[in-house]
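For reference, the chains in residue letters:
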Amino acid sequence: MALENTDIQDKLVGTFGESAFNFQQERDIFSFEIKADKNTAIILFLKNDPTLQFHFLTDLCGVHYPDNDENHQFAIIYHLHNWYENKRIRIKAYLNGTPEIKTISNIFLCSNWMERETYDFYGVNFIGHPQLKRILNMDEMISFPMRKEFPMEDAGRTDKDDRFFGRTTINS
Amino acid sequence: MSELLLPPEHRYAKIIQEKLNEDGSELSILNLGPTHPATHGIFQNILLMDGEKILEAEPTIGYIHRAFEKIAENRPFYQITPLTDRMNYCSSPINNMGWWMTLEKLLGVEVPKRAQYLRVIVMELARITDHLICNSILGVDTGAYTGFLYVFQFREKVYEIYEEICGARLTTNMGRIGGFERDWSPEAFRKLDVFLEDFPVAWKEFENLFERNRIFIDRTVNVGPISAEKAMSYGFTGPNLRAAGVDYDVRVAHPYSSYEDFEFIVPVGKSGDTYDRFCVRNAEVWESLSIIRQALAKMPEGNEYHAEVPDYYLPPKEDVYHDMESLIYHFKIVMGEIPVPVAEIYHAVEGGNGELGFYLETDGSRTPYRLHFRRPCFIYYQGYPEMIKGALLSDAIVILSSLNVIAGELDA
Chain A
1 MALENTDIQD
11 KLVGTFGESA
21 FNFQQERDIF
31 SFEIKADKNT
41 AIILFLKNDP
51 TLQFHFLTDL
61 CGVHYPDNDE
71 NHQFAIIYHL
81 HNWYENKRIR
91 IKAYLNGTPE
101 IKTISNIFLC
111 SNWMERETYD
121 FYGVNFIGHP
131 QLKRILNMDE
141 MISFPMRKEF
151 PMEDAGRTDK
161 DDRFFGRTTI
171 NS
Chain B
1 MSELLLPPEH
11 RYAKIIQEKL
21 NEDGSELSIL
31 NLGPTHPATH
41 GIFQNILLMD
51 GEKILEAEPT
61 IGYIHRAFEK
71 IAENRPFYQI
81 TPLTDRMNYC
91 SSPINNMGWW
101 MTLEKLLGVE
111 VPKRAQYLRV
121 IVMELARITD
131 HLICNSILGV
141 DTGAYTGFLY
151 VFQFREKVYE
161 IYEEICGARL
171 TTNMGRIGGF
181 ERDWSPEAFR
191 KLDVFLEDFP
201 VAWKEFENLF
211 ERNRIFIDRT
221 VNVGPISAEK
231 AMSYGFTGPN
241 LRAAGVDYDV
251 RVAHPYSSYE
261 DFEFIVPVGK
271 SGDTYDRFCV
281 RNAEVWESLS
291 IIRQALAKMP
301 EGNEYHAEVP
311 DYYLPPKEDV
321 YHDMESLIYH
331 FKIVMGEIPV
341 PVAEIYHAVE
351 GGNGELGFYL
361 ETDGSRTPYR
371 LHFRRPCFIY
381 YQGYPEMIKG
391 ALLSDAIVIL
401 SSLNVIAGEL
411 DA
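Protein chains in written order, with the UniProt record's numbering: chain A, 1 to 172; chain B, 1 to 412.
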């Protein structure tokens with residue numbers, strides 16, 4: 001029997017109550033939000049529950065939303081995959097302006113570097129991570145370059161107008 | 001020990017000071033890379049060694065990090081394809097097609113069957129070149145140069161086919177939203193036929209040189225094995241995972257571009273060692289050849305090579321000079337003014353090294369709000385220090401090349 005969205009939703013709501021919410025089928029993927037402080041419990045539950053069996057962490061990444069309210073400044077996005085039932089889910093956890101979330105590197109070994117990458121680019125502090133340091137950028141760097149306020153190019157340049165080359169997100 | 005290599009506060013320095021062998025010999029440190037010819041790419045491993053045995057390894061990556069995700073947030077969708085080329089540059093058409101399919105999923109574009117089959121052909125050609133390089137370089141690293149020379153000219157032949165299709169060879173920037181930029185020329189099909197005729201002979205010869213070769217077996221069997229559970233926990237996908245005995249393949253699990261129309265097997269290994277990885281890649285090349293033949297045989301009649309989506313597909317250049325509509329579409333597409341829905345998309349394709357995923361978040365503007373590449377190399381390279389623990393230095397080289405870590409994909 002295939003694993004239905006409602007099964008996942010019922011189990012999560014039954015176990016964690018209001019910590020998992022906003023369930024929706026988004027195109028081809030079932031997605032929901034969780035409260036950031038419950039991330040390890042929920043992901044461990046999804047992994048170990050005998051019917052859910054989301055045993056593979058496909059992807060982990062961060063997003064920055066500077067325009068949101070102060071409790072939704074950052075998001076961590078987990079993609080989990082159950083190969084037995086061939087079912088993918090997406091989990092989103094919003095964080096506030098000083099982003100902190102517990103590490104899941106003890107649940108999935110592969111999240112170690114993915115969390116380091118997220119720290120490197122967004123400055124998200126993964127509590128309990130065994131080696132939280134920069135991975136792709138150099139150690140001396142002090143800013144977090146994927147945050148929206150970080151300019152891609154030297155802002156002092158006057159020799160070209162970025163608006164005409166599709167280089168700015170604001171098209172005005 | 002040498003202070004030149006490591007700062008004195010490094011944890012290896014402490015281990016070396018504490019631990020002295022019974023015969024009075026010290027542990028030593030070896031810098032493998034960043035630009036060692038045997039690592040085939042720019043990444044560094046600081047190895048803690050007891051004689052020739054590796055006790056610990058500390059990888060450093062990021063030497064060719066080019067901030068693709070940041071650049072992508074500042075570019076219209078069409079300008080992101082050249083970035084995807086440069087991730088796994090051994091099989092760039094797969095990256096290109098994966099990106100187009102992500103956009104097609106976002107925009108709801110239905111690609112005609114013939115274009116889908118053409119994509120399958122070019123993706124499988126890319127997989128062949130990817131595996132061909134990995135396996136033949138593995139041969140070179142074990143000291144067998146001949147096999148590499150036998151098969152390497154066929155990569156050249158595949159690049160000539162790419163050249164006929166899109167004009168470029170290595171970083172292809174191939175395709176458009178909804179299909180290809182132009183129909184494949186008869187010359188492309190002719191070159192493909194010649195390739196399908198000649199390559200299997202050479203590949204068979206290559207296999208014969210290695211598969212039962214005593215030296216090669218001694219160098220690879222039980223070298224760098226990884227169990228299925230460990231591999232899954234480390235996020236392995238693709239041939240490296242299948243060598244450990246797990247038959248996960250995105251082409252089967254979530255078929256895209258009509259892969260469900262073709263018959264192929266997913267070869268798996270057993271022990272996940274270097275030899276199994278070699279054999280899985282070998283077998284996959286045969287499967288890819290079979291898929292290409294099936295696609296050619298089943299190819300629908302006609303010359304449809306793209307979907308009719310004027311909002312996203314550039315009009316023919318001649319029309320742009322005469323026809324108002326075409327001019328408007330041309331302008332809008334080039335300037336990135338195409339309508340884009342607000343959505344979050346995840347799309348994955350089976351790249352040369354595993355699941356290549358694109359996580360795309362849009363806010364309706366001309367550029368992605370967030371684009372994250374799930375790069376298989378980046379994820380499974382974490383397992384490398386554990387795989388080489390206790391191995392010899394020469395084994396570490398062989399394990400690295402059998403994992404097929406591509407620096408461009410590792411660092412993005």
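If you're looking for bench data, these hints aren't it; they were derived computationally from the structure. As the structure is a computational prediction, the values presented were derived from the model and not from experiment. There may be inaccurate statements among the hints.
Unchecked claim - So these bits of chain A aren't anywhere near chain B, every CB distance computed over 10 Å:
(1) 6
(2) 11
(3) 21
(4) 38
(5) 40
(6) 73
(7) 86
(8) 102
(9) 112
(10) 117
(11) 128
(12) 145
(13) 149
Claimed, not checked - Facing chain B, according to a computed beta carbon distance under 7 Å, are these residues of chain A, among others:
(14) 16
(15) 79
(16) 83
(17) 136
Unchecked claim - With a cut-off of at most 16 Å between alpha-carbon atoms, the simulated EDC-like pairs for lysine to aspartate or glutamate come out as follows:
(18) 92/A - 361/B
(19) 70/B - 7/A
(20) 113/B - 304/B
Here a beta-carbon is modelled for each residue, glycine too, at the ideal position from N, C-alpha and C.
Hint check against the structure, violated hint numbers in rising order:
Hints 7, 9, 10, 12, 14, 19 are the ones this structure does not satisfy, whereas the remaining hints hold.
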